[in-house]
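Chains as they are written, first to last, in numbering that gives the first Met the number 0: chain A, 0 to 466; chain B, 0 to 250.
Bear in mind the hints are in silico, worked out from the structure with no lab data behind them. Note that the coordinates shown come from a computational prediction; the quantities given were computed from them, not determined experimentally.
Only pairs whose alpha carbons sit at most 30 angstroms apart, straight line, appear in this in silico BS3-like list of lysine-lysine:
no. : chain 1 : residue 1 : chain 2 : residue 2
1   : B       : 27        : A       : 455
2   : A       : 455       : B       : 116
3   : B       : 230       : A       : 434
4   : B       : 26        : A       : 463
5   : A       : 411       : B       : 230
6   : B       : 26        : A       : 411
7   : A       : 460       : B       : 27
8   : A       : 15        : A       : 1
9   : B       : 153       : A       : 35
10  : B       : 153       : A       : 365
11  : A       : 7         : B       : 230
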Amino acid sequence: MKQVNQVKLGAEYIAKTAHREMHDRCLWAARMRRDKVAASIPEWEEMRELASEIKLHTLSNLDYYLEQFAKNAEANGIHVHWARNAEEHNQIILDIFKAHNVKVVTKGKSMTMDECGMREFMAKNGIEINEADLGERIQQLDNQRPSHIVMPAIHKLRSDVASLFARTLGSDPKNDDPHYLNSVMRADMRKKYVKVDAGMSGANFGIAETGGIVVCTNEGNADISANLPPLYVATMGIEKVIPRQADLPLFIRLLSRSALGLDMTQYTSHYHGPRKGQEMHLVILDNGRSERLAAKEYWPVLKCIRCGACMNTCPVFRRTSGISYDAIYMGPIGIVLEPSYDLYKYARLPYSCTHCGSCGDVCPVKVPIPELVFYWRSEVVRHGYGQPTHNIEEGLAEPLLKSSSNLAIAEKLGLWALRHIPESIAESAVNPWAKAHKDPIPPEETFRQYYNRVIKPGEEKNEKSDQ
Amino acid sequence: MKIGFFVPCYIDAIHPQAAKSTYGLLKKLGLDVEFIERGACCSLPELDMGYISHACTLEKGIVPYIVDKGYDYVVVPSGICTDQFRDHFDGVEQTPEVIHFRSTVHDPVEFLHDILKITELPGKPSFPYRVALHNGCHSLRYLNEARPTELMIKPFDKCADLLRLVDGLEVGYATRRDECCGFGGTYSIWDPSCSGQQGRDKVNDYQRNGFRYVTSQDMSCMIHQQTVARKLGLDLKMFYITEILNGDAQP
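Could you put the whole structure together from the sequences, leaning on the hints where they help?
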């Protein structure tokens, strides 16, 4: 199996200037809006701390809250299913669909279903799934994964969408007016909505006390999926449970402010059971979560509420786009989450980080992403999955750096090279640094040499005169 | 008060002026400063890349020279290395001496601002220019030397406080004042595309805001930004903060 190479894929996106600049500008604007609305709430930092503590408490008592949640959900008339992994999740839903003779489905955005490869599985089984979220639908038409968990097609220019719609929906390729493009999508999707057999969505929160789920969207894509068809199937990761209804407002206040700098999502929908004449199913998914919960180094990653704030602030993500991570979860949370699914395949992801720490500071539930990056890098090396170039580099560095005398020799060699190797060679393709940088101008002497030449003789002279 | 002065490898080799100015400033303040001659690498490059066992070897190697000498404080002219010692020096036995070292190691900004609490600079340095202040990410978010723009807490900025003691100096910031410049240690070597793009965005931000001078408490960021600016042919000059505080910065 091939390892994902974010550096290479990222470089391809960086080279597309118009895309990169648009992507960086849009996401930085989201980060600025987030700062503005957060600053307007005096208790913002207390809210983050409280949300983190509620998540830590719930995760520490997850068995209790999950059982309470499932019991109450069933009492509300929801059919509750437990899925250990992606295969079970997909099979459970397929069985429900078969029992109801479902052929066409409309679906709200769900990262959890993406994680299970649910859409591809259903397609193989002859079930047509139509995404109701605009960005997600664009990505579906383009046969591409979402590039951001909240803004799935944010890496595309309007003109990309215009040519995609022209290719797949027969619209005018030259017209990239957003109103026109929206009307094209609306006309296409409305035809589908009226004939769907079932609707699907994810869930942002499950409330143990009430047995209801809460779904937050900005387009009502979950709502059309839940409210129109006679059958509604939702999926929720086990970590999405919170104890009480009274805990919910805190998370609602944090979620959209962190994600997009909006006070609230446009739709915050509470589903506490099927409506009259409808059947409602909820699949509760583990898929490695309980293993993660048992791992003392990285279980706090389960606090994540999937807001995407870490992506908006990440200087690497903003320039390389979510597509470059070639994974379900991308950006800062992706590089600390994906290695727990497949360490070898995603061994390079934890290195797509400059350690700036901004992700940890914007996270509304204080997932310690910067610490987890350190942790995963050490795990990559411990398992022997370090890149050969890194192994050589760090292997050579150890003896060179380990004593002051070796270091002095290394410095002398380095400075000799800087002074004597002609620029045409030093700044050629063999030197990756030279791609973006000039070489530093070498100093006349190191501090150590200066110390031995100037400071030390002076100190010795002073000592003698003191005696 | 006995102070150990630890000079990081990249400072020693590439920008020794940062060490000279820091050492000079501490001496001018009348302090008993001893250069840690046998100091080697703080282990950050190894730890950063996940090579824990290599990092342990390096950490063990320098303990006799930085920990066992009984310094009251150790001053390190580099935010990233100071953070390494304080937050990640876990590869050696945590003796009372190691714990003391980790809690008394400071970069010059913390040392001048929080320990010495200076209100004036020796020699009354002057630098009558607008200077962009780049708070390096480690100093900002791990050493807490200023309020990161993400955090909704009371604003403060220790570097700016110190720079305001310099005659005529006007502190300014890039528009994206604390976005990472893309150095990231070895990151700048194995992801030159993204690191370079971040660097170009940063120096262009200074340029758009009309800055000619930039300073930081992290010389690693400055070396990266300076060499990116030179590649682009931009007229920008970068200084380590003590070069300005000690009156050594030449416009």
